[in-house]
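Q: Produce the entire structure from the sequences given, and follow the hints as far as they go.
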Amino acid sequence: MAESSPAETVTLTIDGRQVTVPRGTTLLQAAERVGTRVPHYCYHPGLSAPAMCRLCLVEIEKAPKLVPSCITQAADGQVVHTQSEEPLAMRRGVLEFYLQNHPLDCPICDQSGECKLQDYAHAEGRVHGRGREPKRVFGRDDFGGDVVFYGDRCVMCTRCVRFMNEIEQDPRLTVVERGDRSIIDTFFEEGLEGTHYHGNIVDICPVGALLSKDFLFKQRAWDLDHTPSVCPGCSQGCNIELHTRDNLVQRLRPRVNLDVNGHWMCDHGRLDYEWINRGDRVEVPLVGDGREARATGWRAALTSLLERLDGAGPVRAVVSPRLANEDLGAVRALVDALGGGEIVYRSRRAPAEVPLKGFPKLARRRDLEPNVNAARLLGMERVGGDDGTGGLAPFAAHGGVLIVAGDELADQPPDFGERARLYVYLGQHPTAAASRAHFVLPITNFAEQEGSFTNHEHRVQRFWPALEPPGAARPGWLVLGALLAERAGEAAPTRAEVAFERIGAFEGLTYERVGTGGAPIGEDRALPAEAAGGRA
Amino acid sequence: MAYPYASDREVRVISEYFGDPEARTLDGAKRRGRYKGLEKALSMSPDDVVEVVKASGLRGRGGAGFPTGLKWSFMPKNYDRPHYLCCNADESEPGTFKDRELMRWDPHQLIEACLLASYAIRARHAYIYCRGEFFETNQVLAKAVEEAYADGIIGADVMGSGHEIDVTVHVGAGAYICGEETGLMNSLEGRRGEPRTKPPFPAAAGVFGMPTTVNNVETLCAAPHIVAHGAEWYRQWGSEKSPGTKLFCVSGHVNKPGNYELALGFPLIELIEDVCGGMRDGNALKAVIPGGSSVAIMDADEARRCALDYEGVAACGSMLGCASVIVMDETTDIVKQVRRMAAFYAHESCGQCTPCREGTSWVTKILRRIEEGRGTEEDLDTLIELTTQMVGTTICVLSDSVAPPVQSSISKFRDEYLALIRRGERVGAA
Chain A
1 MAESSPAETV
11 TLTIDGRQVT
21 VPRGTTLLQA
31 AERVGTRVPH
41 YCYHPGLSAP
51 AMCRLCLVEI
61 EKAPKLVPSC
71 ITQAADGQVV
81 HTQSEEPLAM
91 RRGVLEFYLQ
101 NHPLDCPICD
111 QSGECKLQDY
121 AHAEGRVHGR
131 GREPKRVFGR
141 DDFGGDVVFY
151 GDRCVMCTRC
161 VRFMNEIEQD
171 PRLTVVERGD
181 RSIIDTFFEE
191 GLEGTHYHGN
201 IVDICPVGAL
211 LSKDFLFKQR
221 AWDLDHTPSV
231 CPGCSQGCNI
241 ELHTRDNLVQ
251 RLRPRVNLDV
261 NGHWMCDHGR
271 LDYEWINRGD
281 RVEVPLVGDG
291 REARATGWRA
301 ALTSLLERLD
311 GAGPVRAVVS
321 PRLANEDLGA
331 VRALVDALGG
341 GEIVYRSRRA
351 PAEVPLKGFP
361 KLARRRDLEP
371 NVNAARLLGM
381 ERVGGDDGTG
391 GLAPFAAHGG
401 VLIVAGDELA
411 DQPPDFGERA
421 RLYVYLGQHP
431 TAAASRAHFV
441 LPITNFAEQE
451 GSFTNHEHRV
461 QRFWPALEPP
471 GAARPGWLVL
481 GALLAERAGE
491 AAPTRAEVAF
501 ERIGAFEGLT
511 YERVGTGGAP
521 IGEDRALPAE
531 AAGGRA
Chain B
1001 MAYPYASDRE
1011 VRVISEYFGD
1021 PEARTLDGAK
1031 RRGRYKGLEK
1041 ALSMSPDDVV
1051 EVVKASGLRG
1061 RGGAGFPTGL
1071 KWSFMPKNYD
1081 RPHYLCCNAD
1091 ESEPGTFKDR
1101 ELMRWDPHQL
1111 IEACLLASYA
1121 IRARHAYIYC
1131 RGEFFETNQV
1141 LAKAVEEAYA
1151 DGIIGADVMG
1161 SGHEIDVTVH
1171 VGAGAYICGE
1181 ETGLMNSLEG
1191 RRGEPRTKPP
1201 FPAAAGVFGM
1211 PTTVNNVETL
1221 CAAPHIVAHG
1231 AEWYRQWGSE
1241 KSPGTKLFCV
1251 SGHVNKPGNY
1261 ELALGFPLIE
1271 LIEDVCGGMR
1281 DGNALKAVIP
1291 GGSSVAIMDA
1301 DEARRCALDY
1311 EGVAACGSML
1321 GCASVIVMDE
1331 TTDIVKQVRR
1341 MAAFYAHESC
1351 GQCTPCREGT
1361 SWVTKILRRI
1371 EEGRGTEEDL
1381 DTLIELTTQM
1391 VGTTICVLSD
1401 SVAPPVQSSI
1411 SKFRDEYLAL
1421 IRRGERVGAA
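Top line first, the protein sequences correspond to chains A and B.
Mapping to this note's numbering: the first sequence position 201 is 201, numbers consecutive.
Mapping to this note's numbering: the second sequence position 25 is 1025, numbers consecutive.
The hints are simulated quantities; they were obtained by calculation from the structure and are not laboratory data.
Please note that the accuracy of each hint is not assured.
Unchecked claim - Quick list of in silico lysine-lysine cross-link-like pairs, DSS-like style, CA-CA up to 27 angstroms:
| hint | chain 1 | residue 1 | chain 2 | residue 2 |
| --- | --- | --- | --- | --- |
| 1 | B | LYS1241 | A | LYS65 |
| 2 | B | LYS1286 | B | LYS1336 |
| 3 | A | LYS135 | B | LYS1241 |
| 4 | B | LYS1198 | A | LYS62 |
| 5 | A | LYS65 | B | LYS1198 |
Claimed, not checked - Distance ranges between label pairs, derived from CB positions:
| hint | chain 1 | residue 1 | chain 2 | residue 2 | range |
| --- | --- | --- | --- | --- | --- |
| 6 | A | GLU61 | B | LYS1241 | 29 to 37 angstroms |
| 7 | B | ASN1255 | A | GLU189 | 50 to 58 angstroms |
| 8 | B | GLU1146 | A | ASP141 | 33 to 41 angstroms |
| 9 | B | GLU1146 | A | GLY77 | 52 to 60 angstroms |
| 10 | B | ALA1300 | A | HIS128 | 35 to 43 angstroms |
| 11 | A | TRP222 | B | PHE1066 | 47 to 55 angstroms |
| 12 | A | TRP222 | B | GLY1373 | 41 to 49 angstroms |
| 13 | A | PRO45 | B | TYR1149 | 47 to 55 angstroms |
| 14 | A | GLY77 | B | TRP1233 | 45 to 53 angstroms |
Just so we're clear, the structure is a prediction, and the values are computed from it rather than from any experiment.
Yeah, the Cβ is synthetic: ideal placement off N, Cα and C, and Gly gets one too.
A: Laid out in structure tokens, this is it:
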């Protein structure tokens, strides 16, 4: 007898291996537990299951016919075969049916390389097709937004229709006609324009029927490197993958995290990545006298900075909420070490949230920066307007030590920091407002370094380096950490993990605990969601 | 009366007033004994009505032959939630035209039957889902429902019994698949006519998610007679397992095609030779499709020894289905007939399930190629394999329906296929 409550679990045998799963688990999910992926198209874990692709058929001993594993619930004592002769033959047959009308235009199809029809046909399909008949032709259609539809390639799984109906809950797509004339279509001239999550239908399309206009013909799927990351588009912190090639971000894709974003991400975040690829970067440390700057090495720059750091007067700092927790923590530590001082950040805010109705945990949040909550946790204050500009008058004219980290100061005049006795600018891009800086230190962006963000519900989530940093650019935490350590005569943090664990605000959390899925900060530490208001 | 032809071999229970225009009016229908069965049913308990139908052995006349009383008994025995009756009047199987005649000549028989069945399954609303192309039928039915409402037969107080039952005639938009019971329910709800996965079965979650029974027109029409006269009366016809009478829609190369109501178990050859006046122009019988386009074709030998009940037809390798007998004489091009049937399924597939969506059209394309003389012998093996892959792999049985005509015709009339293939090869060689 099983020790655990027998009502809650069922035990069955799949492909000769016994597995115990919670009651209500489908055979398809149970098979994944024993390491078998049953091919499927219409089933998607984030959507309802219509059981119409007929590809996930499996055999249950003593059942009269094959059953679709995506909707059949596991029951006690079932003996299931996913790889026996009958289901394999049937799936081979179904795959042959798919290829009857699907064009074999893989060489010019964006999906090629990440196409489920390719995968399944290679894994289980017939070696040679028997189709001699002409294929039906639909052609292409612009669905609006970022989506283009290649009708001939559609396998009629209706995931896209169900996504718009069930998750976005803005039904813009439907199936028209019937039989092999069935086709996905928009309602007359109304397309996906104006919806905020339609990019997901491109992700969930198992074939190349729905493609992103942004990515169209840009790269081959197999050339892309995938790096787990966190979307910097707002404070939701959707888990994503950065798909990169040639040291450029080519596209963003959501990464499954049922606690944060499910399988989805918004179009705003998905398409806002070109800034990562900007070419105008600060590549070497620059040391100047407030008028002229010359390039130097890191050792010379930091040694020189260290000499001038103390005794330069009161400290004020401006940071960017796009910096990682580790970077912000290092700024906090530096300011504290210099006797404390005001730290502010500026951030863009949207007028309203854009929730995903069918997955309410996910919304494009009002804060359009990824890490405002870490800044607030670290006692930094928001200044400026909702467009992320202004609010820096006291800083522009500050007479002591002025530290700017990450904020490009695009709206600030060239004489910004003119009166500062020491003006240190840590940034990614050369900017007029840094022309009076005594030190311009090149730092990396989130795609080039390891680090973490703190999202709107105070969940810490890690990201990993996907790109080579330009020139001598280094993570902010590494630069400031080295500076602080040198000043205190301690060992410098050489890994982001160490930098993270040195931040008092995250005490109790470690990189190991945060893992790939993130972890919340203890509740006693978390701030109420809308507590810290901005100062104009 | 009878329409258009009569035979003294018939047993007219539900087709008694075919061809009699007066039976269409409420007065005429009442004079002919309509609503007597309902009156008796209302004096019984719903469960007793179900028991009588169960005892009569009445089986579904829509094709599957499922015992009707048993189906009714699956409905919950309380009034917690709304129950619905759906009368499947979306008769669209090629070769079938019995429901049309039942509704067009004797609409009050169906209304009575719907009320009776609704009472038995504790439904307060019956929907008659009528095929869109039945224009005249729809008008007759709508008028009859209007009359019955005005007379208080339908409505808040059915025949003074205190029971409330409404009847709505819903006109389909022209899709074979809406005759599949779950496709019908989707269509009725305003969705695409696509069959639903079972379970849940309609008795648990049907129309609008509520317990629902779906019955064919002919099945329902038999119920008032059974209740009025008793189960044993109905069992005087037919056999133990297939009791009662059945309408046979005979079409094709006979002298007198039409609807004939016969006791189940009637010999097929007598239906052709005697009841229908023999073959056209004295031609030889070549093949018979006994139950609508989705059953296996019989050759002349099989037809000669076939008895027309569920078991008898099954013994001859086919199915009684909805008893649509399509008779073909020696002039018939079997390949062309099969291709036309396959094309029908390709046209009517809802497109949900891959084997059906792709398979029906693929099979049709191959058959057309063979017909045009561009086929090969391997195509016949491919056809058999494809149709095998289409059986039991889909949500509904539309896909399964293609296999019997294709496979039976290849096994029984292979010579005709080969002749077309050989002729094509000769032309190609020359």
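Q: None of the hints should be skipped; say for each whether it holds.
A: Evaluated hints:
1. B:LYS1241 x A:LYS65: Holds: LYS1241 (chain B) and LYS65 (chain A) sit about 26 angstroms apart, inside 27 angstroms.
2. B:LYS1286 x B:LYS1336: Distance of about 14 angstroms is within 27 angstroms: holds.
3. A:LYS135 x B:LYS1241: Not OK: LYS135 (chain A) and LYS1241 (chain B) at ~48 angstroms, beyond 27 angstroms, violated.
4. B:LYS1198 x A:LYS62: At roughly 18 angstroms apart (the allowed maximum being 27 angstroms), LYS62 (chain A) and LYS1198 (chain B) satisfy the hint.
5. A:LYS65 x B:LYS1198: holds, 13 angstroms
6. A:GLU61 x B:LYS1241: 29 to 37 angstroms: Taking Cβ atoms as reference, GLU61 (chain A) and LYS1241 (chain B) lie about 30 angstroms apart, which means the hint holds.
7. B:ASN1255 x A:GLU189: 50 to 58 angstroms: holds, 57 angstroms
8. B:GLU1146 x A:ASP141: 33 to 41 angstroms: Violated, since GLU1146 (chain B) and ASP141 (chain A) (Cβ atoms, about 46 angstroms apart) do not stay within the stated range.
9. B:GLU1146 x A:GLY77: 52 to 60 angstroms: holds, 57 angstroms
10. B:ALA1300 x A:HIS128: 35 to 43 angstroms: About 40 angstroms separates the Cβ atoms of ALA1300 (chain B) and HIS128 (chain A), which means 35 to 43 angstroms holds.
11. A:TRP222 x B:PHE1066: 47 to 55 angstroms: With Cβ atoms ~53 angstroms apart, the hint holds.
12. A:TRP222 x B:GLY1373: 41 to 49 angstroms: holds, 45 angstroms
13. A:PRO45 x B:TYR1149: 47 to 55 angstroms: holds, 50 angstroms
14. A:GLY77 x B:TRP1233: 45 to 53 angstroms: holds, 47 angstroms
Hint compliance for this structure: hints 3, 8 are not met, and every other hint is.
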